[in-house]
Every structure is written in C-alpha cells, then in structure tokens.
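Asker: Chain by chain, the residues run as shown.
There are 2 protein chains.
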Amino acid sequence: MRIPKHIGIIPDGNRRWAEKNGYSKEMGYSNGLNPGLEIFKLCEKIGIKELTFYGFTVDNTKRPALQKIAFTEACVKAVKMLSKENASLLVIGNSDSPMFPKELLPFTKRKDFGTGGIKVNFLVNYGWEWDVLGLSSSDAHSRKNVYENIKSRDISRVDLIIRWGGRRRLSGFLPIQSVYSDFYIVEEMWPDFDANQFNSALEWYSKQDVTLGG
Amino acid sequence: MRIPKHIGIIPDGNRRWAEKNGYSKEMGYSNGLNPGLEIFKLCEKIGIKELTFYGFTVDNTKRPALQKIAFTEACVKAVKMLSKENASLLVIGNSDSPMFPKELLPFTKRKDFGTGGIKVNFLVNYGWEWDVLGLSSSDAHSRKNVYENIKSRDISRVDLIIRWGGRRRLSGFLPIQSVYSDFYIVEEMWPDFDANQFNSALEWYSKQDVTLGG
Numbered sequence: 091m092r093i094p095k096h097i098g099i100i101p102d103g104n105r106r107w108a109e110k111n112g113y114s115k116e117m118g119y120s121n122g123l124n125p126g127l128e129i130f131k132l133c134e135k136i137g138i139k140e141l142t143f144y145g146f147t148v149d150n151t152k153r154p155a156l157q158k159i160a161f162t163e164a165c166v167k168a169v170k171m172l173s174k175e176n177a178s179l180l181v182i183g184n185s186d187s188p189m190f191p192k193e194l195l196p197f198t199k200r201k202d203f204g205t206g207g208i209k210v211n212f213l214v215n216y217g218w219e220w221d222v223l224g225l226s227s228s229d230a231h232s233r234k235n236v237y238e239n240i241k242s243r244d245i246s247r248v249d250l251i252i253r254w255g256g257r258r259r260l261s262g263f264l265p266i267q268s269v270y271s272d273f274y275i276v277e278e279m280w281p282d283f284d285a286n287q288f289n290s291a292l293e294w295y296s297k298q299d300v301t302l303g304g
Numbered sequence: 091m092r093i094p095k096h097i098g099i100i101p102d103g104n105r106r107w108a109e110k111n112g113y114s115k116e117m118g119y120s121n122g123l124n125p126g127l128e129i130f131k132l133c134e135k136i137g138i139k140e141l142t143f144y145g146f147t148v149d150n151t152k153r154p155a156l157q158k159i160a161f162t163e164a165c166v167k168a169v170k171m172l173s174k175e176n177a178s179l180l181v182i183g184n185s186d187s188p189m190f191p192k193e194l195l196p197f198t199k200r201k202d203f204g205t206g207g208i209k210v211n212f213l214v215n216y217g218w219e220w221d222v223l224g225l226s227s228s229d230a231h232s233r234k235n236v237y238e239n240i241k242s243r244d245i246s247r248v249d250l251i252i253r254w255g256g257r258r259r260l261s262g263f264l265p266i267q268s269v270y271s272d273f274y275i276v277e278e279m280w281p282d283f284d285a286n287q288f289n290s291a292l293e294w295y296s297k298q299d300v301t302l303g304g
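Taken in order, these protein sequences are the chains called A and B.
First residue of the first sequence? That's 91 in my numbering, and the numbers climb one at a time after it.
First residue of the second sequence? That's 91 in my numbering, and the numbers climb one at a time after it.
Check before you lean on any hint, since a few could be wrong.
Which copy is meant is left open, because identical chains are indistinguishable; a pair holds if it fits in one copy or across any two.
[What the hints assert, rightly or not] Subject to a maximum C-alpha distance of 16 Å in a straight line, what follows is the list of computed EDC-like cross-link-like pairs (lysine to aspartate or glutamate):
no.	residue 1	residue 2
1	Lys131	Glu278
2	Lys192	Asp282
3	Lys234	Asp149
4	Lys297	Glu277
5	Lys174	Glu128
What the hints contain is simulated information worked out from the structure, not anything from laboratory work.
Chain A on its own, in the form it takes in the complex (with noise of 0.2 Å):
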C-alpha cells in the first residue's frame, strides 16, 4: 500500500460532540486528546515520516473565553503527552501574542524526545496570514523560497489531510503546504475516533495518483 510521507489533522467537532452528548461546549476538547495520541501510535507503527495537528487558530480565540481556556489546556495537555513519546516535536504558530501558552514556550524550536523518530508538528495559535507574510520583505522569487520564507517553514508538504467532523473545508490550515494535498473527510466527530476511519483514510489514499499539479 502507498502510504503518505505526512499525514494533517484537522480534529474537528469537539463542540458539536460536547452538546450531542449534553455536555457544554467547553467540555468536547478534553475528550480529543486521547484521539490524538492514538492517532500517533498509528502513524509510529506504520511509519508515517511526519504529522501535523491543528491545534487552534488565532481565528478560534475570537470565541467566548471558557472555550479558549478549554482549547488552550487541551493542546498544552497534547505537547505535554506527545513529550512522553518518541517523537522529534515542533509546537508552531505566533508565539509573540499573548494567546500562546507560555507553557508551550520551550517547544517552539523542534526537539527529540525519547529516541526522537517521526516528526510532529503541532499548530498552535496559528494563523494563515502570519503564516504567509514570512514572504513579506524577503526577497523570495522562485517556489523554493516560498517554501522557505513562511515561517512554517519547518513544515514540509502534506500528502493527506484528514478531517472529522464532515466539514470540507481547510480553515486556513497550511496554505502553502497543502496546495497539492489529498482530503479526506470523516463524517464523524473527533472524539468519536475510531481506528477504522484512519484506516479508511489511508486505503483511499493509496488509491489516489500524485501529480503535484502536473
């Protein structure tokens, strides 16, 4: 089976899980983190090369303040645990506003834990247009200086974009590196992950021709 060099997630629908099962909204995050390291234990064993997650957006913290908190202690509480795997891992976003969690300070430059091994990135405090103005006053003139002029340029290509939640839509995740990806869509929500819908995922993308636009 072909397999993807790098896998990004977009764990989305905590909310709508939190009120489906009568929780207030706040609630669904903490419900996404067991999810989330499932999803690397797949990755590790399969041997996924590189995976993002989309932690939150500077868009997402225009949302009332207990919601904020909830997603905030929810990405603090997923760097911490991916820290306890064998990863080399990168938290990225605008760590210059006062919505970073400083306790996320130490992971802004990328580092190994355990014996290191896939990279995970995980978007934090992200935003799109920030993302792209790294071009902005450089002097990039060729598609390898986009590349390396966005300050996520950290981040390489993504060849498979998974989706809960049954939203087809990017939300302003990785502009750059996802302008050839393949997108999936899991109808259901992110804390209802199941192994079998990666699964599905990864079969459907095996299927699919990689023409980088060609």
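Since the structure of chain A is provided, determine the placement of chain B on it from the hints.
Answerer: Chain B in isolation, oriented as in the chain A frame:
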C-alpha cells in the same frame, strides 16, 4: 436558499473522459467548452456575483506538447466565448511567460462585455507560487495586506469550490482565496457536466455554516 457569492470551478477529468470515450487524451479539452458556458448561464440566472474558472496552470505546461496546445486553445476559445456574454471579464496568470497565449493579453485587465454584470475570472498559466510571491518585497503585515498584495488581488475570497473528476485536492487553485472555501466534489468528468451536479453542489453548500475559521 443561501447561495455563494463567489464560486470556483475546477474542470478536471478532460483527459480521462477522452480515454474512456476512445479518443486520445488531448481531445478532451474542447469538450469542456460548452459546460463552461452552461455554468456561466446558470450562475447568471441565480445571481452569483463572481465566478472563477481554473483554466491551466504553470504546472500543467509540463505536459506533452499536443496536450499543451489543446488546453491552451480551449482556454482561448472559452474566454472569447465568455466575451460574447454580459460579464466583467479578467484573465489572470503569468503573462510574462511564453506559455501565456498572446490572444489573451487584451483580457489581462478587467473589462466589461455586453452590459457587464457577473465578475468572471479565468486562470491562465496561473501558478500558486507566482501568485503568493506578490507578497515578497512588499511591506504587507496584516490579513488585509495579504489580500491586497498577492498577484491575484483582483479575485475575492471563494465561498464554494466545485471540482469535477473525483479528485479531492486543490492542485494549487488560489491558495489564499480558498483558505475558508467549502469544497464539493463531482465524481463525473468535466465534459460529462450536467446541471444537476451543479444544483446538488449549491444545495449542499446552502446547508453548510459559515464560520471563516472562527
């Protein structure tokens, strides 16, 4: 029904259609002309404000010469066809390159045809990196500045992208204007266009929420 202001069309599957119907690959493109005009008329009828067609890309120009000639010709014909309608027409792409058809140079400034009306953008020899490199050596520092400095600055945010031919990817289509777009995939090939496919896309879109990443 909530209708999109701006629809992007990725008319894929021309070559697969040709092969399936016993023609050589390059024969598919000319069969994509009528579908384009049909979509234009449907959009006009229901009051869509802006419509963008993915003509051909810099990536596409790496294909065999016969195909290159065929898709370039189809784009020239399509633009000329649209210029007989009531539309405010713009052809956009890297027109400094020899790959850009000279016949379309007069269309690289937006111009009203007939009584004007719906904005129609046609991407010709378009490259995603060419587009975002508009940011390089600018002093852009905000989201608004990003929209103003990319080369496709005259094209607004896309609400709905409809792709024919079953692939679930953007293939470099307007990375900045599509960060919040909803994607709808039609399994049929573009030359097998049918108004029902378009109507299903609109119906699906009307049930999506608009969050702009919030």
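Asker: Evaluate each hint against the coordinates.
Answerer: Against the structure, the hints come out as follows:
no.: 1; hint: Lys131 <-> Glu278; in the structure: neither (20 Å within a copy, 37 Å between copies)
no.: 2; hint: Lys192 <-> Asp282; in the structure: neither (30 Å within a copy, 54 Å between copies)
no.: 3; hint: Lys234 <-> Asp149; in the structure: between (28 Å within a copy, 14 Å between copies)
no.: 4; hint: Lys297 <-> Glu277; in the structure: between (20 Å within a copy, 15 Å between copies)
no.: 5; hint: Lys174 <-> Glu128; in the structure: within (14 Å within a copy, 57 Å between copies)
In summary, the numbered hints that this structure violates are 1 and 2.
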